[in-house]
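Chains as they are written, first to last, in the working numbering: chain H, 1 to 493; chain Y, 1 to 102.
Keep in mind that a hint or two might mislead.
Here's a subset of chain H near chain Y, in silico, CB distances under 10 Å, partners left out [unchecked claim]:
1. Glu134
2. Val138
3. Ala142
4. Trp148
5. Val162
6. Pro414
Source of the hints: derived by calculation from the structure; they are not laboratory data. Every residue gets a Cβ at the ideal spot worked out from N, C-alpha and C, and that includes glycine.
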Amino acid sequence: MGPQDVLALLFGSSLTIIVADRLGRRLGAARAAGYVTVAALTTALLMSSSLPSGRYRPFPATGIPVAELRVDEASRIFSLLFTSLGLLVAIYSLKYMEGEEGLGAYYLLLLLMVAGMVGVALSNDLFTLYCFWELMSVTAYALVAFRWWHWEPVEAGLKYLVMSTLGALVALYAISVIYGVAGTTNFDELRSIFATLGDEGVVRLLAGLLLFGFGVTAAIAPFHTWLPDAHPAAPSSISAMLSGVVIKAGVYAIARALLYILPPTSGIGYLLMYVGLLTCTVGNLAALRQLDVKRFLAYSSVANIGYIMVGMGAGYRAHLLGLTQFALAGVAGAMLHVINHALGKGLLFLCTGSAIHVIKSRAIPDLEGCGRSMRITGISSAIGLLNLAGIPPLAGFWSKLLIAYGLAGLLWDPLITMALIVFIANAVLAAGYYIYLLMRLFRRRATGAGEVSPLMWGPELALAAACLILTLLLSHVLVHVYTGASALMGVVG
Amino acid sequence: MSLLNAYSVAAAALIAVGAYCVASKRNLIKVVMGIEIMTTAVNLNFIAMGLRGGVLDPLASMYAAVSMAIGAAVAALALALIVQAYRHYGTLDSSKMSRLRW
Chain H
1 MGPQDVLALL FGSSLTIIVA DRLGRRLGAA RAAGYVTVAA LTTALLMSSS
51 LPSGRYRPFP ATGIPVAELR VDEASRIFSL LFTSLGLLVA IYSLKYMEGE
101 EGLGAYYLLL LLMVAGMVGV ALSNDLFTLY CFWELMSVTA YALVAFRWWH
151 WEPVEAGLKY LVMSTLGALV ALYAISVIYG VAGTTNFDEL RSIFATLGDE
201 GVVRLLAGLL LFGFGVTAAI APFHTWLPDA HPAAPSSISA MLSGVVIKAG
251 VYAIARALLY ILPPTSGIGY LLMYVGLLTC TVGNLAALRQ LDVKRFLAYS
301 SVANIGYIMV GMGAGYRAHL LGLTQFALAG VAGAMLHVIN HALGKGLLFL
351 CTGSAIHVIK SRAIPDLEGC GRSMRITGIS SAIGLLNLAG IPPLAGFWSK
401 LLIAYGLAGL LWDPLITMAL IVFIANAVLA AGYYIYLLMR LFRRRATGAG
451 EVSPLMWGPE LALAAACLIL TLLLSHVLVH VYTGASALMG VVG
Chain Y
1 MSLLNAYSVA AAALIAVGAY CVASKRNLIK VVMGIEIMTT AVNLNFIAMG
51 LRGGVLDPLA SMYAAVSMAI GAAVAALALA LIVQAYRHYG TLDSSKMSRL
101 RW
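Whole structure, please, built from the sequences with the hints as guidance.
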């Protein structure tokens, strides 16, 4: 069984959803499409958890040298993250989206979006990656604008579409130049060709284009402006997907292109690091003045992407200088933070979705006290907030510490000392506002806000448990994350 | 370098035209036209990059064909959203629908 079977399953079940939706509506079972989605994602999760590492040619008989797929520790971690969050969101949607129009289309788009993200993580070819990337992006635009009868989703979706498509086209242009230079788009062949190319100017140009191209979807500053509009406008379940995993697919594409394909070149490490610092500073400062809880969480997602980019930049710089220990720490810290933020922010968007479902308002003052009256949602969101704040025993602390450790290895460089100071200041600021939000949610008893249905708190509780399990099994997780980081950079750690 | 032929220069120029169009135009239809120009430019660049000694690598034409199909999907969705935006606002001017600050 290979990665092509996982993708075939996801695409095949998307056809089944159309049939299930039609039949279900005729027979009065409105949730039929949802159940098919949950079943498909459960199977995909089970299949992708046991994929053996290696390279796979899905169409060996045709002799077409493209569409190669790969499985290594990094792509396995990312695809597991994508399918598991997709599954929990699908379960949550069963109740949350109940009674909405066009549910068949909703589940179809959700499943195709997960298929696109899994494809991005599993492809071993830049053009294949681009095809899956567009599948993921187009379905994401459509899902943001899912409630098209309101003005906000349409405008936010349009803004997201224009900005992200512009980025994707720049990335595709870079891919075409790479194809021109090397004559292939296969990751491993490109890696060996670029290692012997010896033309730093071309590598810098390509790295810049790819960073911009994939970075728009990953919401790096100053191209993050679509995100705080798109996340609040989308249904909360889709906000959880966008913030939890879609922007992480952008991070994966940047990491794969810059760390694996292109050879280490001076200057790019600083670029990544300082773009990351700018992103987290902008995100944190903008989050402080938000009164809309979903906008608040969206800006904090921007900030967290910044931390991840700082970790990657530190790893890149250390790798260039031959300091493998710190290079692995930086990139592994970034990957651990990807996992932490995907679980934590997915959890928080699902929790606020439940609270908004009951209270019918997105303003933080209206949500005060709902942490007390909605017990399970409240406790789950508390765990998520503490995890993202980086309160020591939780995993969110260790990922930031690993990134700081990667930076600390290069401390003799004044530019990096400055970066470390800004990074720590940002982490402290973020911890402050997460705790502040937590206190407001629990301050006084809200009236009449009861707990939501088990189909909605179940996924929340599962994600909160996942945050705790990640902390308890940290030593095992770190082994996988370190293996993933060395696979992503192609070094033996 | 052999990569710099008339086609790849034209493609780079078209990319610049398209990016300018997306960045500066207020009319949403013109923004979509800018995106389409950029898609065409990238396709042209794939063909330019696939020319090796006067012979076209079949891989390059396949890339361009697949990219056209993807571009069509994006354009269709963009136009569908623009129709909805026009119904809400009665205008195609993006500066007049800036309730979310473009």
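Hints versus structure:
no.	hint	in the structure
1	Glu134	holds (5 Å)
2	Val138	holds (6 Å)
3	Ala142	holds (6 Å)
4	Trp148	holds (5 Å)
5	Val162	holds (6 Å)
6	Pro414	violated (36 Å)
Comparing the model with each earlier hint shows a violation of hint 6 alone; every other hint is respected.
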